[in-house]
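> Okay, here's what each chain looks like letter by letter:
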Amino acid sequence: MTLQVAPPDVGTPQDSCVTTERRSGWLVVAEQESRDLWTSGRGLILLFLFSILLSAVTYLTSTNQALNFLEQRESVNLVLQLAVAVGVLVTLVVSADGISGERERGTLESLLITPVSRRSIIAGKLIAALTMWFATFLVTVPYVWVLARGVGILGEALALGFCVGTLVAVGLGSIGLLISGVCNSNKTSIAASIFLLLILFAPTQLPSGLPQGWFFEVLLRANPIASALAYISSMLVEGHSWSQDLSYLITPLLTAIIAGGALVLAGPRLVRLTPGVNAG
Amino acid sequence: MTLSHSGVYKDQAGPMTSMTVEAMRLTKHYGGRSAVEDVSFTASQGDIVGLLGPNGAGKTTTIRLLTTVLVPTSGEFSIAGHPSTSPNEIRRCVGVLPESSGYPAYQTGGEYLRFFARLYGLSRRNARSLAAELLATVGLADRAGSPISTYSRGMRQRLGIARALVNDPIVVFLDEPTLGLDPAGQAQVLDIIRTIAKSRAATVVLSTHLLPEVEDVCSKVVILHHGRVAVAGSVGEVISTALIEQSAELRVPLDMVERARNVLAGFPNLNVDQLAEQPDVLSLSVDGAGTGAGSSEVMNAALAAITAAGIPVLHFELEGARLSGAFFKMTSEAVA
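Protein chains in written order, with the numbering used here: chain A, 240 to 519; chain B, 5 to 340.
Any given hint could be a false lead.
Derived DEER-like restraints, expressed as beta-carbon distance ranges [unchecked claim]:
{"no.": "1", "chain 1": "A", "residue 1": "283", "chain 2": "B", "residue 2": "195", "range": "36 to 46 Å"}
{"no.": "2", "chain 1": "B", "residue 1": "156", "chain 2": "A", "residue 2": "281", "range": "42 to 52 Å"}
{"no.": "3", "chain 1": "A", "residue 1": "433", "chain 2": "B", "residue 2": "104", "range": "22 to 32 Å"}
{"no.": "4", "chain 1": "A", "residue 1": "283", "chain 2": "B", "residue 2": "44", "range": "46 to 56 Å"}
{"no.": "5", "chain 1": "A", "residue 1": "279", "chain 2": "B", "residue 2": "33", "range": "30 to 40 Å"}
{"no.": "6", "chain 1": "B", "residue 1": "129", "chain 2": "A", "residue 2": "280", "range": "21 to 31 Å"}
{"no.": "7", "chain 1": "B", "residue 1": "87", "chain 2": "A", "residue 2": "486", "range": "22 to 32 Å"}
{"no.": "8", "chain 1": "A", "residue 1": "278", "chain 2": "B", "residue 2": "78", "range": "43 to 53 Å"}
Hints in this document: simulated from the structure, not taken from any laboratory. Quick reminder that beta carbons are idealized off the backbone N, C-alpha and C, glycines included.
Okay, chain A solo, but in the shape it has when bound:
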C-alpha cells in the first residue's frame, strides 16, 4: 500500500466550524439522517405498509359509502384520521430509534466527537423523523382525493390533515427522541413509544354509543391524539369552521411545546453514550 502523506489542501475546517455549528450543523445531520432513513429501505418499508393499510381502509369506506352506510364526509374523515394516527405512529417509531439505535450500532461516539452540538444532533434527527410524516401525508393525498370528489372539501381536508398531523408529529416525535435518549436499549425505546401511542390512540376507538360525560370530555381533551382527531372530525363531519373548536388543539400544541422544549433543554444530557451516566 502506498501512503499519500500530503495533507488535504481543501480549506481550513477551523474557519468553517463556527459557521457549521451556528448555522447548519443540524441541517447536515438532518440531511444525512434522512438519506439513511430512505436509502436503507427502512422508510420505504414503513411507507409501503402504510399505503397497504390505507388502501384497505379506503376500499372499505368507499364500499360502505356506495351502499349508503357512510356519508362521503365521514369517509374522508375516517381515512384522514387513520392517516394522521398511523403517520404519527411511524414518525414516533423512527424517532424512538434516533439515539438508542445509534448507541447500539456504535455510531454515536463518532458523532459526539465532532464540533456539532448535541442540540443540533437532536434537531437533525427530529427533522429526519418528520420526513416520515411528510411522506405518509403525500401518500394519503390521492386516497383523500378519491373519497372527497364532489363534496368540495378536498382542499380543506388536506390542509387540515397536514396542519394538525404536523403539530402532533412534532410533539410525539420529540417524545420519541426523549424516550430514545433515556432507554438502555433500542427495543425498549421502540416498544415504549408504541405502547404510549396505543394508550393515546385507544380512547378514539371507543364505541360512540357509550355514555360520554364530563370525564370522557376531559380524557379526550387531555389526549393530544384524541383531541387532534376530534378537531378534524368537527370540521369535516360537523362542518365547523377552523376557529370554532380550536380548544381541541390546545393539548397537541402544549405537547409539541413541552416535549420540544424538554428536548432542547435536556438535549445535551440525552445524547450520550450510556443513559444514566453523567457524560455531559
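Given chain A, work out where chain B should sit, using these hints.
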C-alpha cells in the same frame, strides 16, 4: 505551533508550545466504581503515545475523557492548549477512532467521509475532494463507491482512521485500531500511524495490546492498571522503572568457553552457567539486588571484558529487557 500543512494547526491551537496533551490527575467515577483514578501524563507534537493496560484498565475511559465524550469526575486536561472547560475547541482539533466503532452499512466510504467533513464545516465540493484524498491516504480509493457493509474489518478500521483525519487534527486518538486484524492488516494500520505522526506532525495516542509493535512505533508509553498509571515514560524508562531482572546468552567459540568463564569469574555478582544442550553458549544472570539499571551495568562490563580478552563474541542476546516484560510485571495482578 507552526508545522501545519494547511494552516489549520496554527488556527486551531490554543496558547501552547509543543505540548499537545496534558492530563492532570484525571479521575472518573461511575457511581461508587472508579474507572480512572489520578491519571496524569503529557505528550508533545509528533509523539506516538502507547496507552497500554489489561482489559478494564481504563484506556478507553481515558480516551473518552480526553476527547470530551465523558466529563471527568475530577482532574483537568488540555489538548493543544485548550483546557477541558472548552470542549468545542478540543473537538475541533482532535481526531478519534473509537473502540469498536460502528459504521452505517448502507453508506459508501465516500459518503461517510463527506458527511463528517461537512460536520466540520467544509462545503460539499471541498468535502468531496477531501474524502477522495483521505480514502487514497488509507488505501481505499478504489472502494470509495462501495457500501461499507462490503468492507472487511481492516478496511473499516482504515476508513475509521481516515474519518479521524477529516479535520487535520493536532491530536489523534486511536482506540485499539488493530483489533481483530490479520498481521498484514496490523502492519498497514501501524504504517498509517507512523505516517500520521511523522508527516502530519500530529500527536498520536494509541491504545493497543500489540506490545512488540508499540515498542517499535511508540515514543512514549503509559501503562494503566486498575485505572491508575502504573508507569509512564519512554520505552527505555518504562523497562528500567519496571526493574526487570535481566539475563543474557553469550555464544563464543567452543574452544574458548573455558577462557570466557575465567574472565567472567571476575564479576562476583554474575552467575555463569554453561548450557548442556549448547556447550558453546553461556547463560548469564545477575544476583538478587543486581536488577534493572545495575543489572545492565554488570552485563555491559562483562561483555566489555570478554571482548577486551580477545574472545570473539558470536552472539549476545539480552533477555527480559522488553516492553512486554515490563507490561507483565506492572500488571502482574491482572495476569495472575
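> All hints are to be evaluated individually against the structure, with a verdict given for each.
Taking the hints in turn, this is what the structure says about them:
1. Residue 283 of chain A and residue 195 of chain B have their C-beta atoms about 42 Å apart, which keeps the hinted 36 to 46 Å range intact.
2. For the pair residue 156 of chain B and residue 281 of chain A, the supplied restraint of 42 to 52 Å is violated, since their beta-carbon distance comes to about 25 Å.
3. Range check, residue 433 of chain A to residue 104 of chain B: Cβ separation about 29 Å, and the 22 to 32 Å hint holds.
4. At roughly 53 Å, the beta-carbon separation of residue 283 of chain A and residue 44 of chain B lies within the given 46 to 56 Å, and the hint holds.
5. Between residue 279 of chain A and residue 33 of chain B the C-beta distance comes to about 38 Å, which sits within the given range of 30 to 40 Å.
6. Distance hint check for residue 129 of chain B and residue 280 of chain A: the Cβ-Cβ separation is about 29 Å, which falls inside the suggested range of 21 to 31 Å.
7. In this structure the supplied range 22 to 32 Å is violated for residue 87 of chain B paired with residue 486 of chain A, their Cβ-Cβ distance being about 53 Å.
8. Checked against the hint of 43 to 53 Å, the pair residue 278 of chain A and residue 78 of chain B passes, with Cβ atoms roughly 45 Å apart.
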